[in-house]
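Protein chains: 2
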Amino acid sequence: MSHPNNAIYIYDTTLRDGTQREGLSVSLEDKIHIATKLDRLGVAFIEGGWAGANPKDAEFFQRMQTQPLHHAELVVFCSTRRAHLTAATDPMLVPILAAKTKWVTVFGKSWDLHVTEGLRTTLAENLAMIQDTIAYLKGCDRRLIYDAEHWFDGYKHNPEYALLTLKTALEAGAEWFVLCDTNGGTLPHDIARIINIVYESLKTWHGGKIPQIGIHTHNDSGLAVANALTAVQHGATMVQGTINGYGERCGNANLCTVMPNLQLKMGYRCIEPEQLSQLTELSRQVSEIVNLAPDDHAPFVGASAFAHKGGIHVSAVQRNPITYEHIAPESIGNHRRIVISDQAGLSNIIAKVENFGICLRKEDGACRQILQKTKELEQIGYQFESAEASFELLVREALGDRPKFFAIKNFYVYCSSDTKHLTGSVNSQATVKVVVNDVEQLTAAEGSGPVAALDLALRKALINFYPEIANFYLTDYKVRILNSELGTHATTRVLIEFSNGKRRWSTAGVSDNIIDASCKAIGEGLEYGLLSAVRYSPMLTTKPF
Amino acid sequence: MSHPNNAIYIYDTTLRDGTQREGLSVSLEDKIHIATKLDRLGVAFIEGGWAGANPKDAEFFQRMQTQPLHHAELVVFCSTRRAHLTAATDPMLVPILAAKTKWVTVFGKSWDLHVTEGLRTTLAENLAMIQDTIAYLKGCDRRLIYDAEHWFDGYKHNPEYALLTLKTALEAGAEWFVLCDTNGGTLPHDIARIINIVYESLKTWHGGKIPQIGIHTHNDSGLAVANALTAVQHGATMVQGTINGYGERCGNANLCTVMPNLQLKMGYRCIEPEQLSQLTELSRQVSEIVNLAPDDHAPFVGASAFAHKGGIHVSAVQRNPITYEHIAPESIGNHRRIVISDQAGLSNIIAKVENFGICLRKEDGACRQILQKTKELEQIGYQFESAEASFELLVREALGDRPKFFAIKNFYVYCSSDTKHLTGSVNSQATVKVVVNDVEQLTAAEGSGPVAALDLALRKALINFYPEIANFYLTDYKVRILNSELGTHATTRVLIEFSNGKRRWSTAGVSDNIIDASCKAIGEGLEYGLLSAVRYSPMLTTKPF
Chain P
2 MSHPNNAIYI YDTTLRDGTQ REGLSVSLED KIHIATKLDR LGVAFIEGGW
52 AGANPKDAEF FQRMQTQPLH HAELVVFCST RRAHLTAATD PMLVPILAAK
102 TKWVTVFGKS WDLHVTEGLR TTLAENLAMI QDTIAYLKGC DRRLIYDAEH
152 WFDGYKHNPE YALLTLKTAL EAGAEWFVLC DTNGGTLPHD IARIINIVYE
202 SLKTWHGGKI PQIGIHTHND SGLAVANALT AVQHGATMVQ GTINGYGERC
252 GNANLCTVMP NLQLKMGYRC IEPEQLSQLT ELSRQVSEIV NLAPDDHAPF
302 VGASAFAHKG GIHVSAVQRN PITYEHIAPE SIGNHRRIVI SDQAGLSNII
352 AKVENFGICL RKEDGACRQI LQKTKELEQI GYQFESAEAS FELLVREALG
402 DRPKFFAIKN FYVYCSSDTK HLTGSVNSQA TVKVVVNDVE QLTAAEGSGP
452 VAALDLALRK ALINFYPEIA NFYLTDYKVR ILNSELGTHA TTRVLIEFSN
502 GKRRWSTAGV SDNIIDASCK AIGEGLEYGL LSAVRYSPML TTKPF
Chain H
2 MSHPNNAIYI YDTTLRDGTQ REGLSVSLED KIHIATKLDR LGVAFIEGGW
52 AGANPKDAEF FQRMQTQPLH HAELVVFCST RRAHLTAATD PMLVPILAAK
102 TKWVTVFGKS WDLHVTEGLR TTLAENLAMI QDTIAYLKGC DRRLIYDAEH
152 WFDGYKHNPE YALLTLKTAL EAGAEWFVLC DTNGGTLPHD IARIINIVYE
202 SLKTWHGGKI PQIGIHTHND SGLAVANALT AVQHGATMVQ GTINGYGERC
252 GNANLCTVMP NLQLKMGYRC IEPEQLSQLT ELSRQVSEIV NLAPDDHAPF
302 VGASAFAHKG GIHVSAVQRN PITYEHIAPE SIGNHRRIVI SDQAGLSNII
352 AKVENFGICL RKEDGACRQI LQKTKELEQI GYQFESAEAS FELLVREALG
402 DRPKFFAIKN FYVYCSSDTK HLTGSVNSQA TVKVVVNDVE QLTAAEGSGP
452 VAALDLALRK ALINFYPEIA NFYLTDYKVR ILNSELGTHA TTRVLIEFSN
502 GKRRWSTAGV SDNIIDASCK AIGEGLEYGL LSAVRYSPML TTKPF
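Those protein sequences? They're chains P and H, same order as listed. Each number in the numbering used here corresponds to the 1-based position in the first sequence with 1 added. Each number in the numbering used here corresponds to the 1-based position in the second sequence with 1 added.
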């Protein structure tokens, strides 16, 4: 981490505080996946969780030891030790050390009320807990970030005691002092006033050294981002937040809003400009991983953030973008959407297809055909951002370059709850009729669910012709209901990710029937894998495994 | 409108700027419905639309003449007259006068670039357009609000010209001067600096009279609310915004966030306290009218805004609410929710069950039984935070208070892709065997997908016994694959939301077979609806519709 003078250290807590959002749950694999993406984005710190608070977080830190991050510092989070124990004997700290991170974030109580009513201990014991925990972890060769929980409320109620907790953390060896607006109720002018005081106090206690202050805000007053920016303007150099503002209640400071504001408008440096231009993609990938619909109206990264309607408006923005756009959408990897003009669409297609090594011009018939087909499919719910293999197949189709490995003629799927008594689950059976080399293959298979049964039947039909299929396996299966207000009559989009152990690729299927949507995505996934094995190696719309 | 000295005039533009949101459309009846509700909430001004811009808006103002508002001033919106016409001869102003409102809001260009590049006229002609339009409408006995479009960007590029447009509006007779951050790119410190200058300029031009300044902000930088609050702190006394922050691109300042901040935290008065306590209900009613899902994570009014999880946390908030709540949820008509999550302990269960009017103690066997069952189900993938009805059924089961309306004995589901040629979609058939009053009912139904077919078959079996079932409908259907790395063999969690038109409730089902998981959730949803209809009304784990 080498940073210029106007550097702001971005501390991502999506994997810990973000997962407190109601309705959000992540698997171990999801956490690793998100950490890898955050590392690539270039944030300074990634808080992985509270090792020991649950088995998943402890396992996460173990797994991360075998696949270390390239850029970011991985941080483990914990509280101060329990009252009337010592840090050295508190079992809570054992998994924290076992996480083997260079950095540990310790949170402690700043608000006297929380010490007496929450922890039910004395103000003096709370100071001892802060001191002992930080000093012990420092003695174990860790670097320390101190999260001052309920800082602003605590300061307002008892400023002397609140400042004493920070002084204790400083003297015990913490390097960063993060002021938390835990309940999210503080307004920007109070943030400014209080940070000024903290800044001066820390500087005085530390013999004039510039203090390293962080800010951690929540959005209960709709001001998490404003509060974080205000803190930076008053001397904070670390901002804690989450991707897409995920977090308890109304969420945390949204890093997808904080970073562009700091970097594009206020002259600070959080990540490299070319990393910032990946922000929109990252935001959508994370929402995809946690399976929450992306917020189309999110600042900067939302699909509607640069959408323009109306004639005069559109011609003005095309003549001079600053008339209606506060920043250049490309700087954060978003793009202008003009509802009525398909001109922007054509250049998008050309840019995308260039990725496959294909050069198209606007005048080419295939170019217009691809655009029209894409728009038609998007209209019915397709989304190619997370299904690039399906998009490549569509492009090759338009160019007459899509070999026909097989065709699915029909399928039948059957589920019976009666199998439950025998096998413990509701087994499904599927039959599928596939045409390969002009010959029909009718196969049947059984699986734990209807989609598993269909996948197996399809493979059975194809394996004799294409033995490579044995190497392809499904690594992810995601379902999204598109017009959910229609209940069970809604359109379903299925996204499937395949792997052959070396590369991964993704396909999509859309239908008002989930089995039908899955069948489409599986069919294209197997087709794309064959395309790779037989002709193209490595393909261009795959990702390294 | 009589207001005390710390009064802030709330100007609602949900019906005009709010409807610019992508995906939002309202009928004439919807607009009247919303206007009536806003009037009851107590806002000072309601902007109804641009009469003449479309037939719906003209008709709206006609209809409102026959059913006038009780409290709020209805406002019609329009631009300055066209270049090189006179206001008296510009046909655009005919429907504006026909709207017969006391107040008219005229918007004009503040930014020189928009005059020359957008309107393609001269800077002098733009001033004449502002002067002529305002003076003409004033001559027709209207009171005038002047919206200075692109104010902040205009001021930054050419402060002299921007100020000249305001001075022109003042001299022509406008009473309010609304500074618009049309592109949403301005930061709070620039808002503060520029409003200070406007305040002093207007005061000087008007012989020392306190100026009436309004603020109109957009959320492109995630700062619409912060910017509005900053403007008020620097002298603005009118705030324009929309309910739920609806609006073009990333939306307008959310009045459901602005009003509680101003009134509960900053000492201003927007509406009466008893009106403010209707805010949560209003927010949800408006989202219902415009048919957009309410944002559960919205500040103040979201269903998750006062949701608590975690053991220590829950007991602390019950002992002393200010430990974890920045305001009293009742002040805006919201309420505290204790969430059941995998961190649940006995005290969580007790607090949660209290919501159902059931008093449990830690020593009770049922209490421990509920906790154990909850943990078991969470282990296999259940999640009760979004399925509170399923949780209530579990609690009633443990307490021996769950009437048996019906039991699903078995089901069969069948999908065939061959129907596609005939009906355009992959139809599904389901048969289900249900036991009601010890008698078996075997029914079959057809639907667009397997889950729809199953839902219909189940209703067919139950409708003769429980006709209330006809009033229950599915409003949301969510699917989450839990261990997605297992591909199609993964566990599936289905969350379903039902409504009876008055209340909403949610259930969950988990299985390695998506049909089985859906069947469980649908069964519990219908059961819970019956529980409500037959015995408890209104139930406690429902949300207002």
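Source of the hints: derived by calculation from the structure; they are not laboratory data. Fair warning: there could be bad hints in the mix.
[Unchecked claim] Straight-line distance between alpha carbons at most 35 Å, and here's what the computed DSBU-like set of lysine-lysine pairs gives:
id: 1; chain 1: P; residue 1: Lys521; chain 2: H; residue 2: Lys434
id: 2; chain 1: H; residue 1: Lys101; chain 2: P; residue 2: Lys410
id: 3; chain 1: P; residue 1: Lys434; chain 2: H; residue 2: Lys461
id: 4; chain 1: P; residue 1: Lys103; chain 2: H; residue 2: Lys266
id: 5; chain 1: P; residue 1: Lys266; chain 2: H; residue 2: Lys376
id: 6; chain 1: P; residue 1: Lys479; chain 2: H; residue 2: Lys374
id: 7; chain 1: H; residue 1: Lys310; chain 2: P; residue 2: Lys101
id: 8; chain 1: P; residue 1: Lys157; chain 2: P; residue 2: Lys210
id: 9; chain 1: P; residue 1: Lys204; chain 2: H; residue 2: Lys461
id: 10; chain 1: P; residue 1: Lys434; chain 2: H; residue 2: Lys410
id: 11; chain 1: P; residue 1: Lys521; chain 2: P; residue 2: Lys101
id: 12; chain 1: P; residue 1: Lys57; chain 2: H; residue 2: Lys434
id: 13; chain 1: H; residue 1: Lys521; chain 2: P; residue 2: Lys461
id: 14; chain 1: H; residue 1: Lys266; chain 2: P; residue 2: Lys479
id: 15; chain 1: H; residue 1: Lys310; chain 2: P; residue 2: Lys168
id: 16; chain 1: P; residue 1: Lys479; chain 2: H; residue 2: Lys168
id: 17; chain 1: H; residue 1: Lys410; chain 2: P; residue 2: Lys521
id: 18; chain 1: P; residue 1: Lys210; chain 2: P; residue 2: Lys168
id: 19; chain 1: P; residue 1: Lys479; chain 2: P; residue 2: Lys374
id: 20; chain 1: H; residue 1: Lys168; chain 2: P; residue 2: Lys521
id: 21; chain 1: H; residue 1: Lys168; chain 2: P; residue 2: Lys157
id: 22; chain 1: P; residue 1: Lys38; chain 2: H; residue 2: Lys310
id: 23; chain 1: H; residue 1: Lys521; chain 2: H; residue 2: Lys363
id: 24; chain 1: P; residue 1: Lys376; chain 2: H; residue 2: Lys363
id: 25; chain 1: H; residue 1: Lys210; chain 2: H; residue 2: Lys168
id: 26; chain 1: H; residue 1: Lys461; chain 2: P; residue 2: Lys410
id: 27; chain 1: P; residue 1: Lys57; chain 2: H; residue 2: Lys376
id: 28; chain 1: P; residue 1: Lys38; chain 2: H; residue 2: Lys376
id: 29; chain 1: P; residue 1: Lys101; chain 2: H; residue 2: Lys376
id: 30; chain 1: P; residue 1: Lys410; chain 2: P; residue 2: Lys521
id: 31; chain 1: P; residue 1: Lys434; chain 2: H; residue 2: Lys434
id: 32; chain 1: H; residue 1: Lys363; chain 2: P; residue 2: Lys521
id: 33; chain 1: H; residue 1: Lys374; chain 2: H; residue 2: Lys266
id: 34; chain 1: H; residue 1: Lys461; chain 2: P; residue 2: Lys479
id: 35; chain 1: H; residue 1: Lys204; chain 2: P; residue 2: Lys266
id: 36; chain 1: P; residue 1: Lys434; chain 2: H; residue 2: Lys521
Just so you know, these numbers come straight off a predicted model, no measurement behind them.
Right, here's what the structure says about each hint:
1. P:Lys521 x H:Lys434: holds, 32 Å
2. H:Lys101 x P:Lys410: Answer violated: Lys101 of chain H to Lys410 of chain P is near 65 Å, above 35 Å.
3. P:Lys434 x H:Lys461: holds, 33 Å
4. P:Lys103 x H:Lys266: violated, 41 Å
5. P:Lys266 x H:Lys376: Answer violated: Lys266 of chain P to Lys376 of chain H is near 48 Å, above 35 Å.
6. P:Lys479 x H:Lys374: holds, 28 Å
7. H:Lys310 x P:Lys101: Within the cut-off at roughly 29 Å; holds.
8. P:Lys157 x P:Lys210: Roughly 26 Å between the alpha carbons, so the hint for Lys157 of chain P and Lys210 of chain P holds.
9. P:Lys204 x H:Lys461: violated, 74 Å
10. P:Lys434 x H:Lys410: Holds - the C-alpha atoms of Lys410 of chain H and Lys434 of chain P are around 32 Å apart, at most 35 Å.
11. P:Lys521 x P:Lys101: Violated - the C-alpha atoms of Lys101 of chain P and Lys521 of chain P are around 45 Å apart, more than 35 Å.
12. P:Lys57 x H:Lys434: violated, 40 Å
13. H:Lys521 x P:Lys461: holds, 32 Å
14. H:Lys266 x P:Lys479: violated, 43 Å
15. H:Lys310 x P:Lys168: holds, 31 Å
16. P:Lys479 x H:Lys168: The given pair, whose Cα atoms are some 58 Å apart, is violated under the 35 Å limit.
17. H:Lys410 x P:Lys521: Satisfied, since the Cα-Cα distance of roughly 32 Å is no more than 35 Å.
18. P:Lys210 x P:Lys168: Holds, at roughly 14 Å.
19. P:Lys479 x P:Lys374: This hinted pair holds, its Cα atoms lying about 23 Å apart.
20. H:Lys168 x P:Lys521: violated, 64 Å
21. H:Lys168 x P:Lys157: Distance ~43 Å between Lys168 of chain H and Lys157 of chain P Cα, so the pair is violated.
22. P:Lys38 x H:Lys310: The hint holds at about 28 Å.
23. H:Lys521 x H:Lys363: Given pair Lys521 of chain H, Lys363 of chain H holds - Cα atoms ~30 Å apart, limit 35 Å.
24. P:Lys376 x H:Lys363: violated, 59 Å
25. H:Lys210 x H:Lys168: holds, 14 Å
26. H:Lys461 x P:Lys410: Distance of about 33 Å is within 35 Å: holds.
27. P:Lys57 x H:Lys376: holds, 16 Å
28. P:Lys38 x H:Lys376: With a Cα-Cα distance of about 32 Å, the restraint between Lys38 of chain P and Lys376 of chain H holds, given a limit of 35 Å.
29. P:Lys101 x H:Lys376: holds, 30 Å
30. P:Lys410 x P:Lys521: Judged against 35 Å, a Cα distance of about 12 Å means the pair holds.
31. P:Lys434 x H:Lys434: holds, 31 Å
32. H:Lys363 x P:Lys521: violated, 52 Å
33. H:Lys374 x H:Lys266: It is violated: about 43 Å lies between the C-alpha atoms, which goes past 35 Å.
34. H:Lys461 x P:Lys479: holds, 31 Å
35. H:Lys204 x P:Lys266: holds, 31 Å
36. P:Lys434 x H:Lys521: holds, 32 Å
Hints 2, 4, 5, 9, 11, 12, 14, 16, 20, 21, 24, 32, 33 from the list above are not met by this structure, while the remaining hints are.
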